[in-house]
Structures are given as structure tokens and as C-alpha cells.
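Protein chains: 2
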Amino acid sequence: MPQVDDARVLIDAALRDDAAVFQLTEDRAIVATVDFFAPIVDDPYAFGAIAAANALSDIYAMGATPLLALNLVAWPRDPALLELLGETLRGGSDVVGQAGAFLLGGHSIDDKEPKYGLVAVGEVHPEQVINNAGAQPGDMLVLTKPLGTGILSTAVKREMIPESDIRAAIISMSTLNAGAANAMRAVGTAVHAATDVTGFGLLGHLRNMLEASGVNARISAGSLPIFDGVRGLIVKDAVPGGTARNLEAAREYTEFIAGLEKTDQLLLADAQTSGGLLIAVTASHSQNLIAALQDNETPTASIIGEITHRGAGLIEVVA
Amino acid sequence: MPQVDDARVLIDAALRDDAAVFQLTEDRAIVATVDFFAPIVDDPYAFGAIAAANALSDIYAMGATPLLALNLVAWPRDPALLELLGETLRGGSDVVGQAGAFLLGGHSIDDKEPKYGLVAVGEVHPEQVINNAGAQPGDMLVLTKPLGTGILSTAVKREMIPESDIRAAIISMSTLNAGAANAMRAVGTAVHAATDVTGFGLLGHLRNMLEASGVNARISAGSLPIFDGVRGLIVKDAVPGGTARNLEAAREYTEFIAGLEKTDQLLLADAQTSGGLLIAVTASHSQNLIAALQDNETPTASIIGEITHRGAGLIEVVA
Numbered sequence: 037m038p039q040v041d042d043a044r045v046l047i048d049a050a051l052r053d054d055a056a057v058f059q060l061t062e063d064r065a066i067v068a069t070v071d072f073f074a075p076i077v078d079d080p081y082a083f084g085a086i087a088a089a090n091a092l093s094d095i096y097a098m099g100a101t102p103l104l105a106l107n108l109v110a111w112p113r114d115p116a117l118l119e120l121l122g123e124t125l126r127g128g129s130d131v132v133g134q135a136g137a138f139l140l141g142g143h144s145i146d147d148k149e150p151k152y153g154l155v156a157v158g159e160v161h162p163e164q165v166i167n168n169a170g171a172q173p174g175d176m177l178v179l180t181k182p183l184g185t186g187i188l189s190t191a192v193k194r195e196m197i198p199e200s201d202i203r204a205a206i207i208s209m210s211t212l213n214a215g216a217a218n219a220m221r222a223v224g225t226a227v228h229a230a231t232d233v234t235g236f237g238l239l240g241h242l243r244n245m246l247e248a249s250g251v252n253a254r255i256s257a258g259s260l261p262i263f264d265g266v267r268g269l270i271v272k273d274a275v276p277g278g279t280a281r282n283l284e285a286a287r288e289y290t291e292f293i294a295g296l297e298k299t300d301q302l303l304l305a306d307a308q309t310s311g312g313l314l315i316a317v318t319a320s321h322s323q324n325l326i327a328a329l330q331d332n333e334t335p336t337a338s339i340i341g342e343i344t345h346r347g348a349g350l351i352e353v354v355a
Numbered sequence: 037m038p039q040v041d042d043a044r045v046l047i048d049a050a051l052r053d054d055a056a057v058f059q060l061t062e063d064r065a066i067v068a069t070v071d072f073f074a075p076i077v078d079d080p081y082a083f084g085a086i087a088a089a090n091a092l093s094d095i096y097a098m099g100a101t102p103l104l105a106l107n108l109v110a111w112p113r114d115p116a117l118l119e120l121l122g123e124t125l126r127g128g129s130d131v132v133g134q135a136g137a138f139l140l141g142g143h144s145i146d147d148k149e150p151k152y153g154l155v156a157v158g159e160v161h162p163e164q165v166i167n168n169a170g171a172q173p174g175d176m177l178v179l180t181k182p183l184g185t186g187i188l189s190t191a192v193k194r195e196m197i198p199e200s201d202i203r204a205a206i207i208s209m210s211t212l213n214a215g216a217a218n219a220m221r222a223v224g225t226a227v228h229a230a231t232d233v234t235g236f237g238l239l240g241h242l243r244n245m246l247e248a249s250g251v252n253a254r255i256s257a258g259s260l261p262i263f264d265g266v267r268g269l270i271v272k273d274a275v276p277g278g279t280a281r282n283l284e285a286a287r288e289y290t291e292f293i294a295g296l297e298k299t300d301q302l303l304l305a306d307a308q309t310s311g312g313l314l315i316a317v318t319a320s321h322s323q324n325l326i327a328a329l330q331d332n333e334t335p336t337a338s339i340i341g342e343i344t345h346r347g348a349g350l351i352e353v354v355a
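Residue numbers (the numbering used here), protein chains in the order written: chain E, 37 to 355; chain C, 37 to 355.
The hints are simulated quantities; they were obtained by calculation from the structure and are not laboratory data. Check each hint, because a few of them may be wrong.
Because identical chains cannot be distinguished in the list, a pair is counted as satisfied if it fits within a single copy or across any two copies.
As the list claims (entries may be wrong) - Calculated pairs, DSS-like style, for lysine-lysine (alpha carbon to alpha carbon, straight line, at most 27 Å):
id, residue 1, residue 2
1, Lys298, Lys272
2, Lys193, Lys272
3, Lys151, Lys298
4, Lys298, Lys148
Model the full assembly from the supplied sequences, consistent with the hints where possible.
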């Protein structure tokens, strides 16, 4: 239940869901979200595209359709960097266009360190809102994009690998979760809960879903989709601060099977940017969902675990 | 006309209006805006309240009613400063509550320099949208809050005066433009255009209204509402960089009467935070609007000039 006591507020921050949902009429609710961050790749166009896909992801995670977006810009007043801003905005605008939404303005301020993001507003039928609170024992957990973007972008930042080595991750981060949302719609009410995987990592976002739903889960580390090269970079310590903090926090509610390597633990906690959707779906429809994801340009989706039983939101990670 | 070619987009960034307006149904449009900035006062609660009043102002300027808001936080990961963040969020939340809107979440990132702002979403009947493009020759121009907040907050930042000296400005900046919006509603279609006065100063925001409307205006410098002490601080050079840049830009389209002091010129260009509404209203209803503003807790409103004739957006400033 939202904390705000008004029947029009369908989703607020109380459930740590991805976006706010406010009912306007019997058959229409609006969904609003905002996200922004410092550049995570050097290519400014890619940064803009990633920021837009990331902001719009919260709309898709709720089962909603994006309508409009606003730019959010904090950028140095330096002519050389303003050219990069132009490319960043072009990347953002192109992805908003791919979503079928309209970029209708925004706000910019001077800042020493550049940052970019977007406000996104979408709409959804109030009865078709997918929140993170409906996962049921027996549900399968599906993740739609590979993990490891935090580690890969940290490795590039530390000049351990060139940016050209993480092309697959850049394309993935720039890709809208629109296909995943279409696939969820295709299986209808068999989808019980969804969220997108971003800064808190897979374990953090799964935890929010489990707590909101009052259930526990088991994840199979061996089934996780992972970008090439990520494991080797973890061994070389290309671990972002957020990922290490996520793992510390996750130890409170996660039981790792004895012998599970630290590499796997960090991967499960890796802070993602523009990650995939994490979807709880009835076991009987899980293969339908995987097929629908493949039909909707999301071939990387995998079943990564299941909801085991009612509980306080604990996670068990097996090999 | 918006640049975006879709009948549902009623207002986009093309007219440099305050917020985007998107039509959902025959009788409902949503209005979305975002605004954020670094602290302009030391008192963290006041900063939060000002940021919220400022963000919601764009909703009121369009004739809309606020529905929901999201926090936007960029803050250092420093425990001492996190306490200040708590107070800032409390100030923002209280003002969102005063607006009858719901604070439903947000996004925060680590940043060296603190910044706070909000996304605001409102609704309006599509036929009751007040934009900045409808000003007509003969209209009177009404400004609802005094000018000088940029100069006053700069003087405090430079320790020329204590923050306790600018209490009136802090209260004004923390005050919603809700009363002004109610007053506009009370005079109905006699209001031809409105915008809020913020970072581009009175001249910059007036210029946007004039260009969008295809008209010229005359402003009477002697009629401007001004906070106490501002003129003296301009003389002592308490002029923010944005105000000086605004004046440079304004010289392109503004003719100051011979002998008008630089003090007055800077005041007209002063970058405001959470400034008042600038309203173009038929001459025959201008006194009704002033009376309605007084009835709606906006006693500082004054007639400051008029729309003179069709034109390219030029401003004449007389004494």
C-alpha cells in the first residue's frame, strides 16, 4: 500500500517501486519518473542514449507507455564541452523518439561535472499497472538483459580496457525495455511483478520486489546472463564503489551457497545502468514469456531463479 | 505553434514556455516541468521550500493544478550534510503539501556540490491552458512578486548582509504562485498570457512572452515592486553573474530611456528564483485582476507596463 492516503495515488515511494502512478480517470493513470547521472561512457551520443533508455525503463517496468520526456542537464559553461552536450542531447532525443514519446523541454544548470538525465511521463490503465508487490510462491524470475555494466564501465574509466571493448554493453544500455514490456503484455496477468535492474544491482532490486511481495526467492548464479569479459575484470578489481556497497547491504538478506566465489557475489550486486527488467511470472507461463521476449527483440532474457515461499524477503543464491 | 507535430502536444519547448502540456483526453491535459539548483540560502528548510515553490510555479503559470511531484537530489555523501538534506526535503515536502499535491518519490545521486529540485506534474483543461503566446496590444502587464531575489541572495553569499536581512525575500520565494493562479482563474478569458519570472529576469521572460505573442511592450521602471535594500546592494555591486549576462542579452531587444540608471537596468534583468507571475490582461479587467490578487494573498502585485502594439518582441523601458 502507498503511504500517501489518497485513492488516486496508486504507487508512491513506499514500495521502492520504479515510478509514481497517479490515477486521473477510471481508465487512465499517469506514471512519472526521473533519473540522471554523470557520464558512464566517453562517447557523448551513447551517454545520451543510455540516459534516455534508463529513464524510460521505469515507465516500461510499470507496464506503462511513455508519452513525453523532459531533459535534465547539469553541464560546465565551457564551449568545448557544450559540443559534447549537443551530441548527448541528440542521443537522448533519438531514444525518446524510438519510444514513440515526445521530448518537450527541460531544465539546465551550470555545473562543474556534467550530468544528464530525463523526466519521463507515461500512461497506463489503472488495472494494468505492474508493480513490484505481486510476486507469488512458485513464480519464475526472468531477467531480460545481461549483467555487468557497472564493472565494464568502471574498467573503461580506469583505462583497463578501451571503450570499444564494451560495445555490446553500450548497445544493451541504449536499448529500450520496450520489447520486454510488449512481451509482458503478451502474457497478460501471468506476470505478477516487475522492476528494472539499475543502481542497487540485481540483489537490491530483487530484494525490493521480495519485501514488497512478502516472499523469498532462490537465484541460480550459473543461470545469469553476463556480458563477455566481466568475470576477468572483477578478478582484476574493476569493481565500482556502488557495487561493493550493494554487496555489503545484500549480505543482510542474502545467503550465498558455501563456496560461491566472490566474483559471482559481486556480479549479483553489480550496480547496473539501464539494466533489464526483472519479471516474476507464473511457472506455467514462463516459457511463453521467454518466447514472447525473443519475438520482441529481447533474446538475452533468461530464467534466473524462482520465488520459493512466503517470507520476509530473503534471497538464497545457489550455484 | 509547438515544433512537435502531434495534435496532443499543446505546448513544447519551441515557445520557451514554462512547462510542457500534453493532451490526454478531450477534457484533460497534463503539464510537466522540472527545475533544480544549488542552495541559494543557508537555511536548508527554506532552500527546500523555495525549490518546491519554484518548481510548482511553472504549473501555476500555465493555469494548471499541481497533482504530484518527485524529488531531484544531488548531494555529497557526507553525514553532516545529509542532516541538511533532511531539512531541505522537509521544506520541499511541506510546500508540495501546501499545493495540495503529492510527493511520490524521486531520484538522488552523489555530487560534490549539493543541488535540489523537483519534477512537478499537473493537470489542466485543454481549453484553459494559459500560455505565453496570447498577449494583445492594449493589455496591461501585471507582476505578482517583488524583484531583487538574485541580488539579495548574492549579497548574503558574499557576506555583505546577514541572511536574517532577507527574510521578506525568503518568504516570497517560498510562497506558491497558487494565489496568483486563482486570481487569473477569477478573471477568466481576460487573461491573455502568463509566465513566471525566474532565471532570465523580468526582461528575459517578458521577451519570451512578447516574441511568442508577436507584440512589443513598454515597462515603467518606477512602477516595479522591489524588495527593500536591493538598490543599495546593486550600487555595492552585489550583482550575480546571471543578472549581468541577462542585461547584456536584453540590450539586443530593450531600449532604456535616456538617463535610466544602471541600477534600474540591472534590477529589470535580475535573475529571480521562484519569482512572481507576469500576466498580460485586458486593460478593462486589470483592476479586477489586481483586486483578485489581493483577495488571494498576493498584495504585492502591481501593474508594471503594457503591451503597446504588434511587433518583433521589443521592450521600451521608461522612467
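Okay, the hints, checked on the actual structure:
| no. | hint | result |
| --- | --- | --- |
| 1 | Lys298 with Lys272 | within (12 Å within a copy, 62 Å between copies) |
| 2 | Lys193 with Lys272 | within (14 Å within a copy, 46 Å between copies) |
| 3 | Lys151 with Lys298 | neither (32 Å within a copy, 36 Å between copies) |
| 4 | Lys298 with Lys148 | neither (36 Å within a copy, 31 Å between copies) |
Violation of the numbered hints given earlier is confined to hints 3 and 4; the remaining hints are satisfied by the structure.
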